[in-house]
Each structure stands twice: as C-alpha cells, then as structure tokens.
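Asker: Both chains are given apart, each in its own frame, so use the hints to dock them into the complex.
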Amino acid sequence: MTPHLVVIGASLGGLEALRVLFRELPSDFPAAIVIVQHRAMEESGELAMLLGEAGSLSVGFPLDKERILAGHVYIAPPNYHLLVEEDHFAFSLDAQENHARPSIDVLFESVADACGPSVTGIVLTGTGQDGARGLATIHRRGGLALVQSPREARAPQMPLAALEAVPDARQLTLEEIGQWLFQLRIAESFECGLRNADCGSF
Amino acid sequence: MIPQSAIRNLKPEIDNIEAIEVPLLVEAVYRRWGYDFRDYAPASLKRRIRRAVASEELPSVSALQERVLRDEACLQRFLDQVTVSVTSMFRDPGFYRVFRQLAVPLLKKRRSLRIWHAGCAGGEEVYSMAILLHEEGLLDRARFYATDLNPAALDAAREGIYPLETMKEYTVNYQATAGKGAFSEYYQAGHGHVVMRADLSKNIVWAQHNLVTDASFNEFHLILCRNVMIYFNASLQERVHRLLYDSLAKDGLLVLGRQESLQLTPHESCYQALDSRERIYQRIG
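Top to bottom, those sequences are chains W and V. Residues 1 to 202 in my numbering are what the first sequence lists, from first letter to last. Residues 1 to 285 in my numbering are what the second sequence lists, from first letter to last.
The shape of chain V in the complex, shown without the other chains (with noise of 0.2 Å):
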C-alpha cells in the first residue's frame, strides 16, 4: 500500500547525526543572519528543517547549512518553512464570539485603541480582527501594529490576497463568530484568490518584528498574541511574556492561543482571566 522508498528507512545513527545538525544549523543563520531559533521548541524546528532539507533537495541537514551561509534567497525559503504557521481567518470561531462579548465592551470605553498583533504570519487572523473591529465600529480609532518577523510573510498579508477555495470554510468560521454581516462583503474575488477590501487595512502597519531579539516599541490596549510562542522553548516564553507585559498598558487585554495558558509562567499573578478558556486576559499588575 505504502511504497517502501515512502517510508523514511534511515538507521539510528542518522537521528543521532541530525542531533548534532540542528544546533549547528541554528547558530549558523544566527551568527550569518541574525535571526535567532536557538531557544524555538526543538520537537516543532526539527520537524520544520527536515521540510526545508526536503524542499531543496539536499541530503543533509549541514548541506542545508552550507547553502544557507551563502545564498539569501536560500534563507529567506528557509524562513518560509521555519516561521509561517498555517492558520485560518477566524480560527476557533468561539474565541471571537466571547471576544465580541467580553473584550469589544471594554475597549469601546478608549477613545483611541493600540492594538499590536504578533506573529501574525499570512495575516488570515489580522483581518478577521479587523472585520470584527469594523463591526463593532472600534476600527476607525484603532492603529493596529501587524508584525511578523518575515518580511515576506508581511509582503503577503499587506497585499491581503487569499485563494478563493480558502473561503468557503472562513464564511463558516464566520457566520460562527455572530458576524454582523456576510463576510462576502470584506473581499472581492477574482481568478482563483480574492482580495481583500483595502478599508480593512487602511489602520494597519505591517512591520518587522522579531519577538526573540527586538524590544517592546510602543504601549498598547490590546495584543494579540495566539500561537506564536508554541514554537518556542519555556525560557524564551518567560522572556516573550515579560516584553507582552512591558508593552502593555494597565487594564490592557492579552489574547493567548488556545493550548497556551498563563498559568505556567511567571506573570500569572500580574492579569486576571477575562475567559480563561479562550485565553482572554486583562493585566491588573
């Protein structure tokens, strides 16, 4: 049923070689480049480099690292594996619908809203708050910070082009979230992909950001934070949380994902759970 060549048939020495490898590769792109994988969760960035060996082709994890000491165009293929998680607009519906509950009455208390969304890879997630936003007449005063730290990733979202078979299962998620409208109004389709409506996005700055080396930059209401820290390790978690709490203003509004929780960090003590099961959290601290 199964080919035999399917079946990755590699002796025990290779998974202790690939051991050695990783590390390597990791303080390689660090030391080349910059960006920093040294403490992501290994079990996920193992996972991710062996696609990115596969993807080029290459026999080896230090073949891969040869090449991508010396060709950026090679880096920034390996940043598309190592970095942009596949998510959807609207993912788990519930969490908008208590959001639009919970959180939407506070922040219409501002006259003006901060929102900083990190992580936000292909910006699915960016634009569904956005359309929320819109709904719940918050987006006009709100500057929204997208930041990812792939710059191609960015490119992506700003251009806000999705395929269009995609939108069948994000109008369900929709209709899930209590949208107030059709969500075929947020898009225009073309050929294949739509295109999201430019309004959406005209409070939205895409930037680069990387969580891992750069500093808080500004104080904000809300952050948006789900699924990101995920592909890292517990301490480089505790130092992510630490610049979440340093950028966020008092009675400002975390948003974790799912499986995330506050509970396991140091800064349990500094937020109250707004809804502990979608992981909507307010600093008191």
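In isolation and in its complexed conformation, chain W is listed as follows (with noise of 0.2 Å):
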C-alpha cells in the first residue's frame, strides 16, 4: 500500500527552512517525504546530507520506479524532473516549468493525479511561482494543502503565489507545520491523524 505523502516544494531560502522541519521528525514518521528544491546542481549532494544529519529519517535520491516507502524522505535530484505514478517514482526530461527542472508543479500535479486525498502538499519559502498550480491541483483532488506564512519566509513569492492559486490552504510557521508533521506519528492511523490535526478547515 502506498503510504500518505508528504510533498514539499521549496526554492531561495528552502534548505535552512526545511533543516527547521527536519529536525524534530521521528525515525518511524508514518509517512513518505517528497522534495523538490530549487538549487543550483552542485549542491544537491550537500541538501541530502544536511537533511540526514538534521532529522533521524534515511534520505536520499530515487531510483526510476522505485517504490515509496513511509518513513523515508526522497529528494528530487538535480536535472530531472520527478514524478508519482502508483506506488513508485518516475522521472522526466520535458523542457523546464516555471524555469525549473525539478519543477515543484510536475511533482505535484503527479502525486495528486497518482493519490488523490491521501497527499499533503507544502509550498515553503522561494522566489516565483513555482507549486502554486501543483498545489491546486492536490487541493482539488481532495488533498491537504499547507503554506509556509510569507512573513516568516525568507522569500514570499512562493507562498503567495500558492495562497492565491489555493485561498483555502492553511497558513503555517515553520514550526506549525512541523507540529503538524509530528501529529502524523501520535495519530493511531493516518486517515485519524488528518480527522485530528489541528489544521482547521480543510
């Protein structure tokens, strides 16, 4: 079964930001992690260290059609974009979108076609508008959507753009949202953990 995902999107800004949230996540976190982050391709060895050294989760880059697994955090390697199908990852060569590859929005809009409501999408800190359209679509296929509150970001367009594109998400600090990822583990199941967390009206 594929386990709930968490997809995150983050540019400018986007590695001290989600150092913030990986720092307090268990090693038996019941869900899969998914990041894209805008960077510039040499370090994109060094987001993967620091995540490992930040949080106790295994971390690394996916292998094409390798299947996801709760508990562990994928990171979109440079030069692809990446993508959801089913169980597994897979991967694109198309020409960049929003001026990026790996695109926030490719990822997305995969994992919302791919699981529908069992996927939280979080649009962090960045310069652009890159995940806004993603997280709409995860919006509308029935999944959660969390904003990183542009006062707090240290680059806002990101999150505004994702806020107009999804007036309903929810405006979180960084560390809400890592509260909010800790509820995930305390809850019994899952779909019990969305019922309770305290994220208001989704």
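Quick caveat, the hints were computed from the structure, so don't treat them as lab data. Quick caveat: nothing in here was measured; it's all calculated off a predicted structure. Watch out, some of these pointers could steer you wrong.
Unchecked claim - Simulated restraints, written as ranges between beta carbons of each label pair:
no., chain 1, residue 1, chain 2, residue 2, range
1, V, R158, W, V20, 51 to 61 Å
2, V, K180, W, E16, 22 to 32 Å
3, V, G34, W, T173, 34 to 44 Å
4, W, R19, V, G192, 38 to 48 Å
5, W, G60, V, K168, 27 to 37 Å
6, V, N16, W, L69, 22 to 32 Å
7, W, R19, V, P59, 53 to 63 Å
8, W, D87, V, S60, 37 to 47 Å
9, W, Q183, V, G94, 19 to 29 Å
10, W, P167, V, F217, 54 to 64 Å
11, V, G190, W, V20, 24 to 34 Å
The C-beta atom is built at its ideal place from N, Cα and C for all residues, glycine as well.
Answerer: This is how it looks when you write it as structure tokens:
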C-alpha cells in the first residue's frame, strides 16, 4: 500500500527551512516525504547530507520505478522532473517548467493524480511561483494544502502565489508545520491523523 | 499575482474523463500509425499528451485523437511533443569523466567498435560521445549507430545545428569532462546557431528504430541508452533490457542514465558495474 505522501516544494531559503522542519521528525514517521528544492546542481548532494544530519530519517535520491516507503525522505535529483505514479517514482527530461527542472508543479500534479486525497502538499519559501498550480491540483483532488506564512518566509513570492492559487490553504509557520507533521505519528492511523490534526477547516 | 485563468480550474470529473481518454488516444495512434505508446510510463505520458492538446489548441484529448487519426502532419507534431527529451551536450559531465577513465581503456583494446546510441533525440549526446571518442583516438575505428523513433528528431540530429546560446552551458559541461581541447574547435558559429564539425559525424549512421516495436539489428561493443527507458513502464523496461542484452557483445558495455539502475531488472546478474554511480555496466553473462 502506498503510504501517505507529504510533498514539499521550496526554492530560495528552502535549505534552512527544511532543516528546521526535519530536526524534530522521528525515524518512525508514518508517511513518505518527497522534496523538490530548486538549487544549483552541485548543491544537491549537500542537501541530502544536511537533511541527513538534521533528522533521523533515511534520505536520498530515488531511482526510476523505486517503490515509495513510509519513513523515507526522497529528494528530487538535479536536472530531472520527478513524478509519482501508483506506488513508485518516475522521471522525465521534459523542458523546464517555471524555469525549473525539477519543477514543484510537475511533482505535485503527478502526486495529486496518483494519490488523490492521501497527499499533503506544502509550499515553502521561494522566489517565483512554482508550486502554486500543483498545490491547487492537490487541493482539488482532496489533498491537504499547507503554505509557509509569507511573513516568515525568507522569500515570500512562492507562498504568496500558492495562497493566491489556493485561498483555502492553511498558512502556518515552520514550527506549526513541524508540529503538524509530528502529529502524524501520534495518530493511530494516518486517516485519524488527518481528522484530528488541528489544521482548521480543510 | 497569478491570473486566475492561468490556474487550471477544472472539476475532478475532467481528471477522470482524461483517465479514459488517454489510453484511447494511445490505442488509436498505435492502430493508425504503428507508434506504440501503450506501455509508456503513465505520469509523464499524460503530461506530454496534455501539452500536445494545448499546443494544437484543442479542447480535449478526444479532440486530439480525432485530429491525429486523420492528419499525418498532426502525428509528426504529436511525436515531437510526446517523444523528445530536452537534454544537453555533455549532460552529467561526471559521467564523461568516468567514461574516459574506465570505459575508454577497454574500448581501446578492440580494433573496431560498433556503438549504438539508442534513443538519441536531437543528437546532443551523440555529438558529445563522438567528441570524446575523437579525443581518445577511437572515432576512426568506430561505427556509430544513432537511432530514434522520431524521424524529425533524427533529421535535426543529422544536420547537427544547435542554438548558439546553448554553447555557453555546453562549454562549461565540456570543460568539466576533462576535455582535451577547446569545445569551440568542434563547431562553426553562424547567425544565432552553430553547426557541428562534419568529420565528427562521418562514422555515424542515423537511423529510425523503435525500441518498443523493432528487433535487435546488430551486435555492439557499447550501447548508450541514457534516460530513454524512464519513459517506459516496468514491463516494457524488461522487454527493452532483453533487447539491449541481446544486442550487446560479450564484455560489451551498457550505459544507463543517472537514476536508472539494473538493480530492479531481471538482467542484473548478467552485468557487473564498472561504475555504479555513473551507470556504466559490462556484460559478463
């Protein structure tokens, strides 16, 4: 069975934000986390390393057709679009979207298609508007939409664009997003977690 | 910030209708024209089909099906949307660096070389390998088969004309491969474009070949198939791995893309990794 997916998109300032988020995550985290972080290519290994230090979860680049497992953090490798289909990862070398490859929209839209409501989409700090359309698709297919508070974000453009595309999305600080993720573990099953999580009127 | 019209404001039913339309379109293309996308990986195929629908300015996948059944020019545009990857010369410079170190010494032992670049798209990576082989003194003894299913992509690759503005990135890539010359030696610059040097392609045979429907056509000492099978589903990958294996000489080399691994295929035990990170494998069984 495919675990609940938490998909995160970040751009400028994302690395620091992700470190804050991951510091507290337990190794028995019951969902899979997939991250698109726009970045210069040579920084990609560094991202995996920093996240590895920051949390206790297994972190890495997925392979084509690799099965998605709970308790793992998957990072989109440089210079590919990362997609999800059914219970595994897929890749493409299609043109950049929103000046980015990997693009957050490409991941988010594929996840919304593949997993419908068992998805949480999170848009963090960044310039540009990648992730906004994808978050809208996740929301439309019944998933949860969370956006880092633009006031807190180092680069507010991406959160603002996401909020404009998904007015119902919940604005949270990094600390609140972290707490929300932590609650996934406390909940007996993930579905319960969604209902009990104090996220207001989704 | 984003105009509301830019956000696809579709109802969920539309998504469900697309899930019906996409396989019908793919079946129609196969029956009418013989191009078989039925075992392509669904997520990227769906994106590409949506892009084709948008670029034809049509309202739906069904409307595209109607047009592509009757209009051969539309088929060619469809192939361009659905099959062409956006790559660059010396993509993944680390691969070319490692290839020089580990694969070139093995290739130098052979008096003649047959190389197959399967799924060569616009030819960028073919010229990259031709440049590397030239610098290593191997190009003259190599016969290089560059194949793709898309005839228009092959025509473009054969011409070897690329936008001038891409050369800056390619030069940086080339330098990172431990290139032995100056990248600018390998092309002539024109107005807004460059033409690759003719002698690079004198031993290259550009030919149409579809990995999905065509058989093995020779035995090769090196097969490059990077980031082609990412577009296939697992069962088609298995079939194509069989085809590549059948086309590879004993001790021949197989190169896959960075995120592709033999680990998840039934042919894993037939190869040993020369470099597992750069996905350079040698056939041992």
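Asker: It remains to establish, for every hint, whether it holds in the given structure.
Answerer: Checked hints:
no. : hint                         : result
1   : V:R158 to W:V20: 51 to 61 Å  : holds (52 Å)
2   : V:K180 to W:E16: 22 to 32 Å  : violated (41 Å)
3   : V:G34 to W:T173: 34 to 44 Å  : violated (56 Å)
4   : W:R19 to V:G192: 38 to 48 Å  : holds (44 Å)
5   : W:G60 to V:K168: 27 to 37 Å  : holds (32 Å)
6   : V:N16 to W:L69: 22 to 32 Å   : holds (28 Å)
7   : W:R19 to V:P59: 53 to 63 Å   : violated (46 Å)
8   : W:D87 to V:S60: 37 to 47 Å   : violated (29 Å)
9   : W:Q183 to V:G94: 19 to 29 Å  : violated (41 Å)
10  : W:P167 to V:F217: 54 to 64 Å : holds (57 Å)
11  : V:G190 to W:V20: 24 to 34 Å  : violated (51 Å)
In terms of the numbered hints stated before, the structure departs from hints 2, 3, 7, 8, 9 and 11, listed from lowest to highest.
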